[in-house]
Structure formats: C-alpha cells, structure tokens
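Full structure from sequences and hints, please.
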Amino acid sequence: MSTEARAEHFPAVDWEGGAFPYRVGHRKLGMWLFIVSDSLTFSALLIGYSYLRASNVWPTPFPFYPSIVFASVMTFCLLSSSLTMVFGVSASSKGDKAKARKWILATIVFGTAFIVLHLIEWQHLMHQGLGPFYLPDTWIKAFTTTEGVPPTALFGATFFTITGLHMFHVATGVIYLAVVAARVNKLKHEDVEISGLYWHFVDLVWMFVFPLIYIMSVDMTGQLAKLPH
Amino acid sequence: MTDAHAHVDEHFAGSNKLFISIWIWLVVMTLIEIALAYFEMSHVIMLTVLLGLSIIKAALIMAYFMHLKFERLSLILTLIPMLVVCILLLFVFFPDSFRSAGLRYQFKEPPPVAPAPLEEP
Chain X
1 MSTEARAEHF PAVDWEGGAF PYRVGHRKLG MWLFIVSDSL TFSALLIGYS YLRASNVWPT
61 PFPFYPSIVF ASVMTFCLLS SSLTMVFGVS ASSKGDKAKA RKWILATIVF GTAFIVLHLI
121 EWQHLMHQGL GPFYLPDTWI KAFTTTEGVP PTALFGATFF TITGLHMFHV ATGVIYLAVV
181 AARVNKLKHE DVEISGLYWH FVDLVWMFVF PLIYIMSVDM TGQLAKLPH
Chain W
1001 MTDAHAHVDE HFAGSNKLFI SIWIWLVVMT LIEIALAYFE MSHVIMLTVL LGLSIIKAAL
1061 IMAYFMHLKF ERLSLILTLI PMLVVCILLL FVFFPDSFRS AGLRYQFKEP PPVAPAPLEE
1121 P
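Sequence lines, in order, name chains X and W. Just so it is clear: in the first sequence, position 135 is 135 by my numbering, and no numbers are missing. Just so it is clear: in the second sequence, position 101 is 1101 by my numbering, and no numbers are missing.
These aren't lab readings, by the way, just hints derived from the structure by calculation. A few of these clues could be false.
Computed spacing ranges between beta-carbons, pair by pair [to be verified]:
#1 Phe-1091(W) with Lys-141(X): 55 to 65 Å
#2 His-1011(W) with Tyr-134(X): 52 to 62 Å
#3 Cys-1086(W) with Gln-223(X): 30 to 40 Å
#4 Thr-1048(W) with Val-57(X): 17 to 27 Å
#5 Gln-223(X) with Ile-1020(W): 34 to 44 Å
#6 Lys-102(X) with Val-1085(W): 33 to 43 Å
#7 Phe-1094(W) with Lys-102(X): 40 to 50 Å
#8 Tyr-65(X) with Phe-1098(W): 27 to 37 Å
#9 His-1011(W) with Phe-34(X): 20 to 30 Å
#10 Ser-37(X) with Leu-1118(W): 20 to 30 Å
#11 Phe-64(X) with Ile-1076(W): 35 to 45 Å
#12 Lys-188(X) with Val-1044(W): 44 to 54 Å
Virtual Cβ for every residue (Gly too), placed ideally from N, Cα, C.
Shown next as structure tokens:
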C-alpha cells in the first residue's frame, strides 16, 4: 500500500507542481490576476497624479477638520473591515457558515460607513467650490505663488478620479460581499476566501491613496487658514 | 476531478490573535502617517517616509490578510515581481514632469500680447 502511494506521488515530486502548480484553484488564481491588473490601474492613476503634481503649482488645502479627521476615520473603517473579513474567512474555513456570515455582514457595515463618510467629505469640498475642473476662489487666492502663478485646477480632476474610482471599488465590494453573505451556505470555502481577497485589495489601495492624496495635501503652513474670511 | 481537488489546500492558516496584532500594527502605522503631516519637514523626506510605511502596510495586508505568506512560493513569484517591474516602468514619466515644471512661464513680467492672427488669404 505504501509503495503504491509513493509511486502515485512521484510525477508531482518531479517538478513539485503537479496539476496545481500554485496550489490554488483556478478561481482564486483568476482573482489574483485581476488584483494585479487592477493595482496597475491604480498605480497608473497615482503616478499620473504625481506627474501633474510635480509639474504644476499644487494647492495643499486640507484642514485637520473635516478632511483629515474624516479620512482617518475612513481609514480606520477600512482597516477594521479587513480584520472582520479575515475572521469571516477563518470561520468559513472551519465550516462555521453562520459565523462567517456574521463577520461578512460586519465587513459590509464598515464598508458602507466608509462610503457614507467619503460622500460627506466630498460634499464638504464641493460646498467650498471644488469641482473636477475648477478650484474654490479662496484656494486660488491662498496658493497663488509670489510670482503670480495660480494653483492648477487639475487638483479636483485627480482627486475626484482617484477617490471616485476607489469608492466605486468599495461599493462593488459591498455588493459582492452581500451576495456572498446571502449565499454562504451554498458556496465553497474557496469562494468566500476569494471575496476576501478582493476586499483586502480595496483596503490595500486605500493605504496608498490616503497618504498620497490626503496626508500630502494637508495645509501645513496654514496658508488657507490664514486667509481673512 | 475530486482527486485533483484534494491537492488544493482548504485550510486557512493563521490565528485570530495573529490577525489582531497585524491590525494593531496597521492602525499604529496609520497614526504615524497622520502625525507626520503636522511636523515640519521637507516634502521629499515626508513622501519617502509615507511611501515606506505604505509599502510595509501593503506587504502586511498581502502577507497575512490576503494569505500570501501561506501560499506556495511559485504563486508569490508569479504575481509580485511583474507588478513591481510594471509600476517601476511607469516612473519613466517623472523626468518629463520635472522638465515641464521648469518650462512653465513664470509671469515675472506681464505676459506679452499675442500678435493678431494673419488674415486668411
């Protein structure tokens, strides 16, 4: 019996890959490849933003409240949602479907909180007069250089494109997780794990968007705050 | 088919305690990033530290939350190096970005009045 079993395993040992060179199913591999391609999309956008930022006069308008406080709480929501998701996947791997569903629902709550907070934060900026192709007058006044070069209106374009695409990913993720939570009894563990991969990826992208878009645009010298209102 | 599936590892490694400690690290690094915005330092140093922390955070998320640390090395080698190389290739645009910043008209004097366009014959 033992010699038979060893003989059976020899072909796999030869190149150590066997039928599953990555030891993951084709669905999970597919999700990984999607994640790689999607991270290239975000990289291209963030590098486009950096390109414009380095070649223009760039406003740094974000005050501590509301922008940074909101963005920090949003970051906390996404990080915590990743933790609840990992608990969900862990429960699912032990076969505890009810617990997995509970944790996935918690993830959905955090994800929805992120979207709501982000929309409120957008609302603040749009009320100040920020749009995809124009800046608020106060920003232009505060950030025009001593040589008289005004800040570029592309701030809004990059801000709304990058945070908007990210928000779209979060919204898609919430819907995806809702479907997974609803059908968790019928799904295999691998499918739950794949939805977890997508969700962690959304979190991972925010780990770059948050410092580059928010932290790098804090009104450090108080140029905007010093303006008489 | 069931035989082939038996090779796929269904076990999800890592304890909840490990995941919570990773989450605490991520939160702490985020707090450091927020604090950085309120210390006076040059943009270059700040950007370097922020990106450094972000890369560490991304690596922690991929390794533990996305479970990559517990996958086969061949999967990691297939996914990550090509991604890093592609992202680094995009950096080819930055010299042009710095160049065009220098080309921008500085408005030290009022801009010259453009000559009237020639009449079409």
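Each hint tested on the structure:
| no. | hint | result |
| --- | --- | --- |
| 1 | Phe-1091(W) with Lys-141(X): 55 to 65 Å | violated (34 Å) |
| 2 | His-1011(W) with Tyr-134(X): 52 to 62 Å | holds (54 Å) |
| 3 | Cys-1086(W) with Gln-223(X): 30 to 40 Å | holds (37 Å) |
| 4 | Thr-1048(W) with Val-57(X): 17 to 27 Å | holds (22 Å) |
| 5 | Gln-223(X) with Ile-1020(W): 34 to 44 Å | holds (41 Å) |
| 6 | Lys-102(X) with Val-1085(W): 33 to 43 Å | holds (41 Å) |
| 7 | Phe-1094(W) with Lys-102(X): 40 to 50 Å | holds (47 Å) |
| 8 | Tyr-65(X) with Phe-1098(W): 27 to 37 Å | holds (34 Å) |
| 9 | His-1011(W) with Phe-34(X): 20 to 30 Å | holds (24 Å) |
| 10 | Ser-37(X) with Leu-1118(W): 20 to 30 Å | violated (50 Å) |
| 11 | Phe-64(X) with Ile-1076(W): 35 to 45 Å | holds (39 Å) |
| 12 | Lys-188(X) with Val-1044(W): 44 to 54 Å | holds (49 Å) |
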